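J.: Sequence:
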Amino acid sequence: MSFPHSPDDLKALMTDASTAVLSAKFGGTEKLIQDLQTDGLTGLSDSAVTAHRAFYGVNKVEPRPPKSFICLFFETFKDVTIIILLVAAIISIVVNVIPQLNPEPLGWIDGVAILVAVILVALVSSINNYSKEKQFRKLNAVKNDKKIKVVRNGSDTVISIFDIVVGDIVILELGDQIPADGLLLQANDMKCDESGMTGETDEIKKDPEDHPFVTGSCLVTHGSGRMLVTAVGRYSKYGDILATLQEEDEQTPLQEKLEVLAKYIGYIGMAMAGVTVIALIIRFFVDGKHTKRRNYVEWVKYFITGITIIVVAVPEGLPLAVTISLAFSMKKMMKDQCLVRKLQACETMGGVNNITSDKTGTLTLNQMTVVRMRVAGTQYAKQGTGKEVIQPGTKMLPTKADVDNGTFNKGIAEIFALNASINSTANLSTETNDLEEKVVVVGSKTEGALLLLTRDMGFAYKEYRELLVHNGDARGVIAHAFEFTSDRKRMSVVLDLQKLCGKSEASRLNTALSLVGSKTDYLVFTKGASEIVLGRCSRVLTAEGQQVPLDDAMRKAYDETITEYARQSLRTFCLAYRVVSRTDGDATGEIGTDEETGRPITGSKYKSAEFVEQDLILICLVGIMDPLRPGVADAVERSKRAGITVRMVTGDNLITAVAIAKDCGILPEDLPDDKLPQYVITGPDFRKLEDAEVDRLLPTLQVIARAAPKDKYRLVKRLKLYNNIVAATGDGSNDAPQLKAADVGLAMGIAGTEVAKEASDIIIMDDNFLSIVRAVEWGRTVLSNVRKFLQFQLTVNVAAVVVAFLGAAALEESPLTALQMLYVNLIMDSLGALALATEDPAKDVLDYQPVHRAASLITPCMLRNILVASVYEIVVILLMIFPGVGDTVTMVPQGLFDTAGDTYVEEATRAYRYTCIYNFFIFAQIFNEFNSRRIHSELNVFQGLHKAVMFLVIFLGTTTLQIIIMLVPGIRLLFHIFDCHAGSSNEYCGSYVAYGISWQSWLISLGLALGIFVIHFLFRLIKLPPEFRVSEKAAKKAITKRMAKAGKERPQRKKKSFDEKNAVELSQSQQHSELHSALDNGEGD
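With full-length UniProt numbering, you'll find the sequence shown wraps up at 1085, consecutive numbering, no jumps.
If you're looking for bench data, these hints aren't it; they were derived computationally from the structure.
All values derive from a computational prediction rather than experimental measurement.
Just so it is clear, CB atoms sit at the ideal spot from N, CA and C, and this is done for glycine as well.
There's no promise every hint is true.
Simulated restraints on C-beta separations [stated by the list, open to error]: (1) N405 <-> Q547: 19 to 29 Å; (2) Q547 <-> V58: 24 to 34 Å; (3) D35 <-> Q546: 46 to 56 Å; (4) V58 <-> E590: 41 to 51 Å; (5) H211 <-> M950: 49 to 59 Å; (6) E690 <-> V469: 47 to 57 Å; (7) V158 <-> Q547: 35 to 45 Å; (8) V58 <-> E133: 22 to 32 Å; (9) L41 <-> K438: 22 to 32 Å; (10) K335 <-> I90: 42 to 52 Å; (11) H211 <-> G27: 12 to 22 Å; (12) K438 <-> T583: 47 to 57 Å.
Simulated pairs of lysine to aspartate or glutamate, DMTMM-like, Cα-Cα distance not exceeding 20 Å [claimed, not checked]: (13) K843 <-> D634; (14) K395 <-> E560; (15) K640 <-> E1027; (16) K640 <-> D670; (17) K438 <-> D156.
Let the hints inform the model, and build the full structure from the sequences given.
T.: Below is the structure:
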């Protein structure tokens, strides 16, 4: 298949964005549609898609290739400390191979071994970084994938943004991200946010005639439309820019904290290294070694020892631990239906103490079904739903048979079906799984419920929509449409009856049109929140299809029905219509206000919502059931136990909101009605409150009903003012401000618009509240895993540095050689981070209160655990070093050395002793990794061990490696392990023969190392608070820092407002405890 226009031709068209060029070079939009061999109504066929993709390319810009493993490996050697260590190792090799310097026999091995150790550390670090890079790229690919609604084969279908091709007809709705460059074919009051491409902050109005060009990645902020795709991938404007960009790695707050901590620990390490080198040099002169020139070679050893102490002391594994934990957690969170868009959100979720949640789809299943209906004085109910608390005379919901045989008035049924079909953007599709057909709603589930009832009554909504086509425009019969918004809580469509009735197919509507009574005027269909639409109705249809005034008695009856439905947790909607005469509709009047100038806009009055949405005729009231999600009540209870306050912010009416809140445990089931004002408020009432009044309400406020997006935004801002960490859910475009304002914005993956998703930090793929709680678990696990590693690493740091210093000061050499300490560093940093940073959430992760944002990284329990383990290791090593040089120090019976005879020299005792110390020290770290799995006072450190696969693999690997080091002769030589085998070059052996340490020494080394379990167990019996108390000064500083980061100043205090001290006191746990204490007692402030 060939095309007259190349990809570059179409790219040039979109770059020029000129209607003159479009007409002159391409013959206009209609001609371009023909040239691209597509159809403005039915779209592309499946076979055409393949040809278009082959010629015009895919809608994807390949990212820059990742850094190669070799590149990552060499980046490891940019560290100054590593460079110095390598230089020192090379000097050591050189001075030990030059005969004139009188080197020690095989002294060059130390330098070679250090080089090998550094390379090994670099390899492990590179492997970790390479694996992390691959993981983040996979996650980014998922993050960038979006679902787009297109027309193919004549039907609406949802596909991946990556599957869009030139020639596709894309359906654009409010909140959608434009998937590629293209031309508008149809627009309904459509505006776009193009600030990301042009820098222009104002919304840009789009229409097919004067402003048809739309750009990929921009957002639909108002109205809706259809577009023809003309450029994809690298030929689109956004793709062209994307190809030249490369995302920089973002640093999370936890990484920033750890970098500061690592810096200070590094300073301490450098100080200890300097003191150790100085101590060694002093001993060098005190022992008279300066009299012999060859002894100055030992200064190289001193220098290497000092550098090694710095390498061991500097916890470079801390940032690695965060990265590994984040990468691991993000991967696991994907399986738990949480797509992390911003890295820092993963860890911020761990500190969340307030969740403001939508109801529909999050706490409920978003599986909408009409189960109740009222038409005039007659009630209807769906059988088998549990909602049949029905008064006498209640009938079953109408079916096709009821409409056909006249049991249910056909005119009412048809006018209902027209409203539900035309005043809607939802669709029904059929999926087949295991030979079973299932109807799936595409779009609004509420609209889908009305379409399902329409289908049950025997009407095909697609046939009604086909009547809207006029002169090739899929919605040409629609004169104007008013979108549903959270503020309006209703939507309307204005039909041009003259165009509609001019079609021969309109004869099928004769029954409905008999109720309308006109074929030349404008027909308005309205649906929305029951009390809003009911308040705009002046007439009502009777069961016979007659229009009668909606008097006070009938209005009261409907109000009581709304309350009845709401108490059953049903969402209530009213459907209505009216006829606007053409004379009145075409008359010029004020139809709105210009957002930029504030001046009134004039036009035909049928374009004024205020004008057409009045004096309506009520068709019916419906009650829609949306079942509570299984497990939500338990998840809410777990959240409360974890110190998290769950607040429901919903557009439903007050009674429905309270019923759902009680069902899911946000409000107590037995909360009396007279106490509700302390916990529940409506959006209009909330907006009337001063900030001080809102602040006083915060400790007990649980539900906001009939809420608008600005109510959610205000609630989030007031909560954050008091240093709460807030996670907020949202799905609509108007929710973007509150998602941005929250510490963690949670967009809904199914119901959410692209605007909401772009503003979010995490996308909840299944719209499930349980997934939000799971995200909190993973967030807490990130911090917990990093703390585990920090506890483990600081224990090794303290013990290794102190032992090296004391050994140097007393023995003129460190008991642990440079190579041995580098090996410890390998276990401690790279492998330790991998082992401890990849654990799943513990069972009790939600049993603790949220961690304050100003809290220390080291907790009281961690400090105790670090000191206990490090002091134990230091004491054991000192007892092995300093009691004397007798055989009691070596832990070997005297008789064992008697076999060596007189040729046995004292250096063997020291070598043997150091080998035992090294063996004990390594196994103490290996065993202490188990203790480090728990950072509080838990006694069972082995809990969940069977699930910690990576931990077990590293434990077995390091244990095996240590055994190999201790037993294999050649490796023993590298690590300075005691070795007096036949032909040994060790000068202290003489005729003595021994392969490493004895089995008795093995048992004692392992026994002492296992003692770390006992000492930890005993001290864990001492219960300590889980966190250090955050000072008022630190809390104030956290508030100031957050406000400074947001670029906003603290609001002026009002007379009744809380002062700063109260703001600090009313944060986190106190606010939580006040709330639940009040709930438990059934009372408020």
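J.: All hints are to be evaluated individually against the structure, with a verdict given for each.
T.: Taking the hints in turn, this is what the structure says about them:
no., hint, verdict
1, N405 <-> Q547: 19 to 29 Å, "holds (24 Å)"
2, Q547 <-> V58: 24 to 34 Å, "violated (56 Å)"
3, D35 <-> Q546: 46 to 56 Å, "holds (55 Å)"
4, V58 <-> E590: 41 to 51 Å, "holds (48 Å)"
5, H211 <-> M950: 49 to 59 Å, "holds (55 Å)"
6, E690 <-> V469: 47 to 57 Å, "holds (53 Å)"
7, V158 <-> Q547: 35 to 45 Å, "holds (40 Å)"
8, V58 <-> E133: 22 to 32 Å, "holds (24 Å)"
9, L41 <-> K438: 22 to 32 Å, "holds (27 Å)"
10, K335 <-> I90: 42 to 52 Å, "holds (48 Å)"
11, H211 <-> G27: 12 to 22 Å, "holds (19 Å)"
12, K438 <-> T583: 47 to 57 Å, "holds (49 Å)"
13, K843 <-> D634, "holds (15 Å)"
14, K395 <-> E560, "holds (18 Å)"
15, K640 <-> E1027, "holds (19 Å)"
16, K640 <-> D670, "holds (18 Å)"
17, K438 <-> D156, "holds (17 Å)"
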